[in-house]
Amino acid sequence: GQNIDQPTEMTATEGAIVQINCTYQTSGFNGLFWYQQHAGEAPTFLSYNVLDGLEEKGRFSSFLSRSKGYSYLLLKELQMKDSASYLCAVREWGNNRLAFGKGNQVVVIP
Amino acid sequence: EAQVTQNPRYLITVTGKKLTVTCSQNMNHEYMSWYRQDPGLGLRQIYYSMNVEVTDKGDVPEGYKVSRKEKRNFPLILESPSPNQTSLYFCASSLTPPTSGAYNEQFFGPGTRLTVL
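Chains as they are written, first to last, in our numbering: chain R, 5 to 114; chain X, 39 to 155.
Bound conformation, chain R alone (with noise of 0.2 Å):
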């Protein structure tokens, strides 16, 4: 089974870069999801990681290192729409599940 560690929640100013982490312990990892969920909405999906090193999509990046069992999630010049909790979802081989963890809540200030 899978174990997925993200801290709870943090507070970035408006403009500011953040860097969300997700460590995970699996058997045979198969790629790592980052989704993004506002309260009380479903997540939508954000990127996705299978190979070590980093995929830039606009103002977010996400960064893997199997060996490590980390990722990050960087959000650049943040926005208040930003204000969100963000998920990493880990999938394993031989399983049909996807498993997520708790999500780490950012709330963005002006």
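Calculated from the structure, these hints are not laboratory results.
You may find that some hints are simply not true.
To be verified - Covered stretches of chain R, as calculated for chain X (at least 3 residues, CB under 8 Å):
#1 47-54
#2 105-114
As the list claims (entries may be wrong) - With a straight-line Cα cutoff of 35 Å, these simulated DSBU-like cross-link-like pairs (lysine-lysine) come out:
#3 R:Lys85 <-> R:Lys72
#4 X:Lys56 <-> X:Lys109
#5 R:Lys72 <-> X:Lys95
#6 X:Lys55 <-> X:Lys107
#7 X:Lys109 <-> R:Lys61
#8 X:Lys55 <-> X:Lys95
Claimed, not checked - Distance windows between CB atoms, simulated:
#9 X:Asp97 <-> R:Val54: 20 to 26 Å
#10 R:Gly62 <-> X:Lys103: 22 to 28 Å
#11 X:Gly54 <-> R:Lys85: 41 to 47 Å
#12 R:Lys72 <-> X:Lys109: 36 to 42 Å
#13 X:Asn66 <-> R:Gly62: 25 to 31 Å
#14 R:Ser31 <-> X:Val92: 21 to 27 Å
#15 X:Asn66 <-> R:Lys72: 35 to 41 Å
Ideal Cβ placement from N, Cα and C applies to all residues, glycine included.
Given chain R's structure and the hints, the job is docking chain X onto it.
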């Protein structure tokens, strides 16, 4: 528009009164899943389905049933709801199952907020 729909969006009911939450997707996805989300616990999978007539338990299946008679629909059934099933429920679908190895994001429905008194 490609989407996952759930009904109802909000429901208040009483202990023991059977209910069904419907889920439908129009993307011809094989894989469908139900999650519940509770404060401090994150998203936990209840049941999933690999395809029509193929369902299996997730991490927290007790007190729930599902069926997959058609590819597009995956209803969640609570035969005898209890207060500990008060939660926010999400249905999700993806083109292929996680084991396919392909990049396959899950698309989530808007959620159903259930309160059991």
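Q: Would you check the hint for lysine 72 of chain R and lysine 95 of chain X, treating anything up to 35 Å between C-alpha atoms as holding?
A: Given pair lysine 72 of chain R, lysine 95 of chain X holds - Cα atoms ~30 Å apart, limit 35 Å.
(Q) Between the region 47-54 of chain R and chain X, are there enough contacts, at least three residues with CB-CB distance under 8 Å, for the coverage claim to hold? (A) holds (count 5)
Q: May I ask you to test the hint 25 to 31 Å on the CB atoms belonging to asparagine 66 of chain X and glycine 62 of chain R?
A: 29 Å, holds
(Q) Can you tell me whether the CB distance of lysine 72 of chain R to lysine 109 of chain X sits inside 36 to 42 Å? (A) 40 Å, holds
Q: Take the C-alpha atoms of lysine 109 of chain X and lysine 61 of chain R, compute the straight-line distance between them, and say whether it is at most 35 Å.
A: 32 Å, holds
Q. Cβ-Cβ distance between serine 31 of chain R and valine 92 of chain X: within 21 to 27 Å?
A. 24 Å, holds
**Q.** 35 Å Cα cutoff - pair lysine 55 of chain X, lysine 95 of chain X
**A.** 23 Å, holds
Q.
Need the status of pair lysine 56 of chain X, lysine 109 of chain X: alpha-carbon distance at most 35 Å?
A. 24 Å, holds
Q.
Against the range 22 to 28 Å, how does the distance between the Cβ atoms of glycine 62 of chain R and lysine 103 of chain X compare: consistent or not?
A. 42 Å, violated
Q.
For lysine 85 of chain R and lysine 72 of chain R, compute the direct alpha-carbon distance and say whether it is at most 35 Å.
A. OK: lysine 85 of chain R and lysine 72 of chain R at ~31 Å, within 35 Å.
Q: Verify the coverage statement for the region 105-114 of chain R against chain X, using a C-beta to C-beta distance below 8 Å and requiring 3 or more qualifying residues.
A: holds (count 3)
Q) Is lysine 55 of chain X within 35 Å of lysine 107 of chain X, Cα to Cα? A) 23 Å, holds
Consistency note: the structure conflicts with earlier hint 10 alone.
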